[in-house]
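*Asks:* Here the protein sequences come in this chain order: A and B. My numbering puts the first residue of the first sequence at 556, with every later residue one more than the last. My numbering puts the first residue of the second sequence at 3, with every later residue one more than the last.
Everything labelled a hint here was simulated from the structure, so no lab data went into it. The reader is advised that the hints may include incorrect statements.
[Said to hold, decoys possible] Computed spacing ranges between beta-carbons, pair by pair:
1. A:Gln712 to B:Glu252: 28 to 38 Å
2. B:Lys169 to A:Val698: 44 to 54 Å
3. A:Glu696 to B:Glu260: 28 to 38 Å
4. A:Glu696 to B:Pro204: 30 to 40 Å
5. A:Lys703 to B:Asp20: 27 to 37 Å
6. B:Asp256 to A:Gln719: 42 to 52 Å
7. A:Gln617 to B:Met3: 47 to 57 Å
8. B:Met3 to A:Gln719: 48 to 58 Å
9. B:Leu372 to A:Asp674: 36 to 46 Å
10. B:Glu260 to A:Pro673: 37 to 47 Å
11. B:Ser346 to A:Gln719: 53 to 63 Å
[What the hints assert, rightly or not] Quick look at which bits of chain A chain B covers, simulated, 3 or more residues with Cβ under 8 Å:
12. 582-590
13. 607-621
14. 670-681
15. 700-707
16. 717-726
Glycine included, each C-beta is placed from N, C-alpha and C at the ideal position.
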Amino acid sequence: MKETCVKGRLWVLTDPDGKLYDDIDTDMIFHNRYLHITDVDQMGQYALDNLEGWKDFAQRAQPGDVIMAGKNFGAGSSRQQAVDCFQALGLVAIVAESFGAIYKRNAINSGLPIVSIPDLEAKADAFSTGDELAVDFESGEVVLNGEKTFQAQPFSQVQMDIYQAGNLFAYGKMLGS
Amino acid sequence: MPSQTIIEKLFQAHSPGDVSVEPGNIIWLDLDVRSARDFGGANVVKNYRTHYGDAPVADKDKTIFTFDLVVPPSNIPYANNQQICRTWAREQGVKVYDVNAGIGSHVALEEGLAYPGSTFVGTDSHLNILGAVGAFGQGMGDQDIAFTFKTGKTWFEVPPTMRVIIKGDLKPPCTARDLTLAVLGKLGSSGALGWAVEFYGPAIEALDLPGRITLASQVTEIGGIIGLIPPSREVLDFSRQRTGRDDVVEVYADAEAEYVATVEVDITDLEPLIACPPSPANVKPVREVAGRRIDSVFFGSCTNGRFEDFEAVAKVVKGKHIAPWVMATVVPATRDVFREMLRSGVLETLFDAGFIISNPGCGGCASGHLGMTGEGQVNISTSNRNFPGKQGAGDTYLTSPVTAAWCALQGEITAPEV
């Protein structure tokens, strides 16, 4: 069984006005000029390099980090690279108020943990880059710096099954297809 | 069986008989067609080979490639990726709609591969455009698609359905695109996040197929899974003719179906609209930004790349010439569209007005294709997204083909007149 609770250093993605970044689309996460890349190891270096204020994110991120964003994270295209680039950097979770529908599927299918905190925008002041964030996928409990607790939506059953299997392919094989 | 919305009925017909298709439930959805394009296609092949080796796809007749993005390729990495797909498709006996064909979702409609009540997935996030004919289309990532190539199905969470009712009739100079922009302006970028949408009202019933395509293509931009439009007689006739099947039938919602929300959009006093940078939902009346000098205009994309869209442009520019400082590009959606433009004289009208006319495809909609924008460039586009960096370094405004044609003639943002 894989660990269902992770702890990591937090990056709070804020927009040029200092607010939690909404509508970060897949071109901002992994720009279409890199879409010819098929090797996942090559994708990490371009993560967020078209997001204003965060173009050097890939150089600063460390394996084990967690990122946080606002509404509709991963809006736009269906490109898997927008998930794979974070896998390549070794991020352990993405926390947002909500996710784009296709992005959500892609993250679940890749086994990249994502959780939503309803009404995160109103709570955003509590979080700062560099904080320590613990996320429990089973209960949805999010603990900030070992003190403050927030409630995210726990993993759905299919999300947990695919996460435990590793990815969609391994999950499908377990089911016999 | 409880009352169902369109997507619930459609999913019920594509999942094992005893499954409860209710919002929030995870079902295994049978997919009538599984596709990949040149963005994502090589990744699909790589995933397939890694996880399934040389095993045959579930059904080669239900598996296709559609190359529509960098067509023909303008750089070696894309040429390589297309060749990877082509070679693998030959080994598998899978059909390729190659670089000459046009936009995959439109080819799917014209070839009768998607029709009312059918299911179709691929690596294009605007595949939900197929909701224009009451089909379920969905863009997915390359792992998902590799999985569907092998299994013919995937898991899917049944989304709740929202109902959007359009009040009033569409009157010139407003077009289906202005109606669509009105919906975007009202709902915003996440107004239908994770939901299916059904559209109703007299203006919807009156929409022709290209208008339905325009509206359905923008549901992604309000965060929706898909926008389903109950098929009209015209749509049914089109799909029956294209599939060669008389048994294509519409899927309608039950009268007692449950909706998560109902929103009314009143278009009685609609005026031409424009989505300003930085997002498709940043919608304003054209007059509010009128007068801004422009550098380029792009006509095309899966949103407004049909013959009727270019015919409307030709009516505006006939016998005139675009402003001397404007670069105007036309990209038909498919070869069928191109042929109709050629035979009807629309192509000649646009050529004489100073337009650049390209081969069919997605060109002009994303950077990497023809017609990228440079820093400071003001670009008017009939495509579907204007996120920063999407078409290049410039600022993109999204409008109807009619408004875009007026802008091209004037060389500045201009509201069309009747």
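*Asks:* With 44 to 54 Å as the target window, see if lysine 169 (chain B) and valine 698 (chain A) comply at their CB atoms.
*Replies:* Since the Cβ atoms of lysine 169 (chain B) and valine 698 (chain A) sit about 48 Å apart, the hinted range of 44 to 54 Å holds.
*Asks:* Between glutamate 260 (chain B) and proline 673 (chain A), is the Cβ distance one that fits in 37 to 47 Å?
*Replies:* With Cβ atoms ~22 Å apart, the hint is violated.
*Asks:* Between methionine 3 (chain B) and glutamine 719 (chain A), does the C-beta distance stay in 48 to 58 Å?
*Replies:* 34 Å, violated
*Asks:* At a Cβ distance under 8 Å, does chain B reach at least three residues of the stretch 582-590 of chain A?
*Replies:* holds (count 6)
*Asks:* Quick check on a hinted range of 53 to 63 Å for serine 346 (chain B) and glutamine 719 (chain A), using CB atoms only.
*Replies:* Holds, at about 58 Å.
*Asks:* Could you say whether the range 30 to 40 Å given as a hint is met by the Cβ separation of glutamate 696 (chain A) and proline 204 (chain B)?
*Replies:* Violated, at about 50 Å.
*Asks:* Is the distance from the Cβ of aspartate 256 (chain B) to the Cβ of glutamine 719 (chain A) consistent with 42 to 52 Å?
*Replies:* 38 Å, violated
*Asks:* According to a criterion of three or more residues whose C-beta lies within less than 8 Å of a C-beta of chain B, is the stretch 717-726 of chain A covered?
*Replies:* Coverage by chain B holds for the stretch 717-726 of chain A (3 residues, Cβ < 8 Å).
*Asks:* Quick check: do three or more residues in the stretch 700-707 of chain A have a beta carbon closer than 8 Å to a beta carbon of chain B?
*Replies:* Result for this restraint: violated, n = 0.
*Asks:* Establish whether the coverage given for the stretch 670-681 of chain A by chain B is satisfied; the threshold is a Cβ-Cβ distance below 8 Å, and no fewer than three residues must meet it.
*Replies:* violated (count 0)
*Asks:* Can the suggested window of 27 to 37 Å be confirmed for the beta-carbon pair lysine 703 (chain A) and aspartate 20 (chain B)?
*Replies:* Taking Cβ atoms as reference, lysine 703 (chain A) and aspartate 20 (chain B) lie about 45 Å apart, which means the hint is violated.
*Asks:* Could you tell me whether the CB distance from glutamate 696 (chain A) to glutamate 260 (chain B) stays inside 28 to 38 Å?
*Replies:* At roughly 32 Å between Cβ atoms, glutamate 260 (chain B) and glutamate 696 (chain A) fall inside 28 to 38 Å, so the hint holds.
Comparing the model with each earlier hint shows violations of hints 4, 5, 6, 8, 10, 13, 14 and 15; every other hint is respected.
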